[in-house]
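Novice: Sequence:
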Amino acid sequence: MQAAPGQPPHGGTYGQPGPGPYGQPQPGGYGQQPQPGPYGQPLGQYAPVAAEPQATDAFGWAWNAFKAHWSTFVLGQLAWGAIILAVTLLWFALLSAIGVFGAGMGDEAAIAVLTGAGFFGILLFIVVVVLVSVFSAAGVANAAVKVVRGEQVSVADFFKIPNAGHVLLATLLISLAAAVTSFVIVGPLVVMFFAIYANYFLVDRRDSTFEAIGNTIKMATATAGQTIILILLSIVAGMVASLTCGIGSLVTVPLVVLATAWMYQQNLGRMPSVR
Numbered sequence: 001m002q003a004a005p006g007q008p009p010h011g012g013t014y015g016q017p018g019p020g021p022y023g024q025p026q027p028g029g030y031g032q033q034p035q036p037g038p039y040g041q042p043l044g045q046y047a048p049v050a051a052e053p054q055a056t057d058a059f060g061w062a063w064n065a066f067k068a069h070w071s072t073f074v075l076g077q078l079a080w081g082a083i084i085l086a087v088t089l090l091w092f093a094l095l096s097a098i099g100v101f102g103a104g105m106g107d108e109a110a111i112a113v114l115t116g117a118g119f120f121g122i123l124l125f126i127v128v129v130v131l132v133s134v135f136s137a138a139g140v141a142n143a144a145v146k147v148v149r150g151e152q153v154s155v156a157d158f159f160k161i162p163n164a165g166h167v168l169l170a171t172l173l174i175s176l177a178a179a180v181t182s183f184v185i186v187g188p189l190v191v192m193f194f195a196i197y198a199n200y201f202l203v204d205r206r207d208s209t210f211e212a213i214g215n216t217i218k219m220a221t222a223t224a225g226q227t228i229i230l231i232l233l234s235i236v237a238g239m240v241a242s243l244t245c246g247i248g249s250l251v252t253v254p255l256v257v258l259a260t261a262w263m264y265q266q267n268l269g270r271m272p273s274v275r
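For the sequence shown, position 65 matches number 65 in full-length UniProt numbering, and the numbering has no gaps at all.
Be a bit skeptical, because a hint or two may be false.
Pairs of lysine-lysine, BS3-like flavour, derived with a Cα cap of 30 angstroms [said to hold, decoys possible]:
{"id": "1", "residue 1": "Lys146", "residue 2": "Lys67"}
{"id": "2", "residue 1": "Lys160", "residue 2": "Lys67"}
{"id": "3", "residue 1": "Lys146", "residue 2": "Lys160"}
{"id": "4", "residue 1": "Lys218", "residue 2": "Lys160"}
{"id": "5", "residue 1": "Lys146", "residue 2": "Lys218"}
What follows is a list of derived Cβ distance ranges for each label pair [stated by the list, open to error]:
{"id": "6", "residue 1": "Glu52", "residue 2": "Phe183", "range": "30 to 36 angstroms"}
{"id": "7", "residue 1": "Leu89", "residue 2": "Phe183", "range": "31 to 37 angstroms"}
{"id": "8", "residue 1": "Phe210", "residue 2": "Ala93", "range": "37 to 43 angstroms"}
For the record, the hints were derived by calculation from the structure and aren't laboratory data.
Don't be surprised by glycine CBs; every beta carbon is placed ideally from N, CA and C.
Generate coordinates for the entire structure from the input sequences, incorporating the hints supplied.
Specialist: Structure below.
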């Protein structure tokens, strides 16, 4: 039946298109509705995938962060350096005192005393230097993590070592792995690659030794390209410091640690497997 003038075709609604020819999909028909997005997202939209953090951006951020906190980082390093110097001077003073004491004894007795004291003195010195080195690195990492989180940082933070027992054990295991693989030229570099984020998991999240080692391996593997670039840039920074007889390390060490802390924090939010 012919529709009256001004009326829509049969079965339609005013302002809406009528049915199309047979076999053609109807407007708004099956398959035309947008799929629901993830929870909390508007219909038909998806959460954007976060871009992978870039190592060059990390060093750019680290440089600005260092400029803002340079005095704290320099003083923190000098304080740890003063401790190492004091331990070294104390060790030499101890050996000198033992030598003076042994000089008043017979030859055989003096040799026995000096040999035993020298052995234990060297062993004690090595232990103390290792402890100071491990905890100084963890202290700098702790300060860097606080800067990345936007918190206030002070020289005292360089001596606050969260999770100290696991920091020590993890560092010893990583050092052992580097020593075992040192017969291959790239062995220590491979260990550095997998262990680069370990300290940050230890002092930031208080991971256990093996949790931190497992998580740093996951993070380094998932971001292999940028982690390698981060290591290469860190090596370049170390070479620059060596050209200044080590004085430049007052700048390059915090620069590298801040850049690594930034990469760690940025990647942590992108990797549910290590949360």
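Novice: Which hint numbers does the structure go against, in order from smallest to largest?
Specialist: none
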